[in-house]
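Let the sequences and hints guide you as you build the complete structure.
There are 2 protein chains.
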Amino acid sequence: MAVIAVLGYGTVGSGVIEVMRSNKELIESKAEQPVNIKYVLDLRDFPGDPVQEIITHNYDDILNDSEVELVVEVMGGVDPAYSFVKSALLNGKSVCTSNKELVAAHGAELMRIAKDNNVNFLFEASVGGGIPIIRPINRSITSDKIEAVTGILNGTTNYMLTKMGTEGIDYDEVLKDAQEKGYAERNPAADVEGHDACRKIAILASLATEKTVRYEDIYTEGITNISTTDMLYAQKLGGKIKLLGKAGFENGRVWARVAPGVVSGSNPLSMVNDVFNAILLKGNMLGDVMFYGRGAGKLPTASAVVSDIVDAVRHKNINLGIKWSEDKQELMDIDDVVVSKLVRVEYSNKDKAISCVKRVFGTDNILELENAYDEFAFVTDKASEREIDMKLEELLNCDGINGILNTIRMEG
Amino acid sequence: MAVIAVLGYGTVGSGVIEVMRSNKELIESKAEQPVNIKYVLDLRDFPGDPVQEIITHNYDDILNDSEVELVVEVMGGVDPAYSFVKSALLNGKSVCTSNKELVAAHGAELMRIAKDNNVNFLFEASVGGGIPIIRPINRSITSDKIEAVTGILNGTTNYMLTKMGTEGIDYDEVLKDAQEKGYAERNPAADVEGHDACRKIAILASLATEKTVRYEDIYTEGITNISTTDMLYAQKLGGKIKLLGKAGFENGRVWARVAPGVVSGSNPLSMVNDVFNAILLKGNMLGDVMFYGRGAGKLPTASAVVSDIVDAVRHKNINLGIKWSEDKQELMDIDDVVVSKLVRVEYSNKDKAISCVKRVFGTDNILELENAYDEFAFVTDKASEREIDMKLEELLNCDGINGILNTIRMEG
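Read top to bottom, the protein sequences are chains A and B.
So for the first sequence, the working numbering puts the first residue at -17; every next one is plus one.
So for the second sequence, the working numbering puts the first residue at -17; every next one is plus one.
Note that these hints are calculated values from the structure, not bench results.
For clarity, every value in this text was computed on a predicted model and none was experimentally measured.
Please note that the accuracy of each hint is not assured.
A pair counts as met if it fits within one copy or between any two copies, since identical chains are not told apart.
Pairs of lysine-lysine residues, derived as PhoX-like cross-links and limited to a Cα-Cα distance of at most 20 Å, are as follows [as the list claims (entries may be wrong)]:
id : residue 1 : residue 2
1  : 305       : 6
2  : 264       : 280
3  : 68        : 163
4  : 127       : 6
5  : 68        : 298
6  : 127       : 280
7  : 163       : 218
Take a look at the structure:
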């Protein structure tokens, strides 16, 4: 029998209890033994809830109970999760977590401590919610060099962008709707400014490089500047605007960014709508593979946590040997990364503006919208961000051009 | 060091050699040891090819070499693959295979023999080519009851249906094109009549039930009756026609079928085009998750085989405990399975035909195409196949109705 403890009885924690109860027989068959939740750590009490019987307010009860072989950390945030997890591992207990902040900030160190203590540190639910992605990268994509990882990693922003695109509703109103539906926090910064996606692409890029890609080093741009007008241009190009976490690994050079992108209709990421997430991997032999599912939500996330519980229980005292070292992975300067951009230009004189675009960017393929006045858009050729920025500066000096309304990377 | 032998130097076999050579360093790092291909079994010789040095024509060379710990079976077909694989397992050698016929026909028995001999029988490449799906089902979806599996499991037919849908080219011409491109065999029956997809859904359904779903028991309908007119009706409904392998597992009742279906635009399977495959799983906690990628092709398939090689080498003499017993899984009578169908009606008198449809099926939601004469279509409510068939019989007796041109299941 495996005895476990759950840290945190919030959304994911209560989901873990629910999944374990609903699918008890199946889970214990897969784990090849009974699995007993002995403690739930929470500051609060839950009178009337059956969980109250196993609630503890004192982490030491769990840490010092040698019966507990596995700690499930679903509190979120770096503190005190980090110290709880670290002490559990040092005490020879495996840890499963859904906590992307913790994994992005301390994953490599915790993995090393787990290995040193012959236990496991697993984190399937930290990226893509219920989507199996961490284990497939570690266990299935073992014969391929990963050349790129591109993900729709945040359900809240994907819901908002989908609604803006399909219903033509402005950003502010869509944000309000997402907040009312409980998809977005009252302070939505972590989602809409891309920080959540940034933690997740940092984790995926670290697994791909087997080194630590620091989330602080990743260029991160959110969706706050995206308008329904941008979306109409994207649609004119046969694409959709998505918030993408992306990392590239070709020719030994590594880069990563979070930014909105115009995803073409032929890219499978273009059909990932609403709160769904997806991760597209490009392998040098496999080509494209994509993993799609619910990137958040109580039960899908809890399901991923419980799949880690099954794995940890099956591999008691056998470290699964996930490769992710504490060595820092250097990233390319984002200005050196090659992109193509959709550029929206505001003009005072259309003909002059077009001829300027033609002179500077070499294109006269101009996109116009029916109901957008004094503006057009065009798509640049591929070039480094630096080179494109320089040319954009040049545009701004042209007669007939008032300004650049927005630029959005093309995803292909 | 792991010493392995490859049975068959055809498309997949030569792909395995190429993947092992191209990504040697990475693969040996994941396998945590050097991996040496000592033999390639083939009836032919390959003068000038470096593989010639390790070619053998005699399987006993491999079977009796105690150094060989792993046999990679990529010959295809049931004979002699079955006897080769069985004897390898009985001799304490693990086996990795891409052979869906073998796995569908003898998977459970071979798995038991592997377990009895403390080795592994792995078959990631047998379904979905390069898409990680077998290992995720066995290792990741361990906390969920799988309620349904729906897959686009055959690249050839998906290529053909995509081309018919987007270019309006007729079945016969598209088949010729697929044959010229090498996607379809000269005798295309295995693909276009659904037998290939049938083997694959049998494997997936067996893993989901942990019993043996016999492919012979699965109702199988191919794409030979699908026309571009059918596709226009599907498009009018906002959907696309796909060949689907599908199995359902709700309330302890199991059913499976292979048949074309009208997949709605909101279903992620609808955007799986060309030779790509995808498998959509529905878990009782997870909801929908989808795995997408290249379902065939030399390198993607070989990549999946090599991921099995890595797994087998890492788990020498540790049986991975895949649950799939030889007990036969009884299937529901296909006539009892509940569906909704798109029905195309040929009429001699339109008004009479419509009022008959309304009387028998209770719908006056009639679909008409601009360039299709003397016909319309409608979508039935959900009912058992038997009930729908009985009502279709009734339609045929109506005044004003000449015949039923086609019926296609709605997938939602």
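Outcome of the hint check:
1. 305 x 6: between (31 Å within a copy, 17 Å between copies)
2. 264 x 280: between (30 Å within a copy, 16 Å between copies)
3. 68 x 163: Classified as neither: same-chain Cα gap 36 Å, cross-chain 56 Å, threshold 20 Å.
4. 127 x 6: between (38 Å within a copy, 10 Å between copies)
5. 68 x 298: Classified as within; 17 Å inside a copy, 32 Å across copies.
6. 127 x 280: For residue 127 and residue 280, the Cα distance is within 20 Å only across copies (17 Å; inside one copy 33 Å).
7. 163 x 218: neither (30 Å within a copy, 32 Å between copies)
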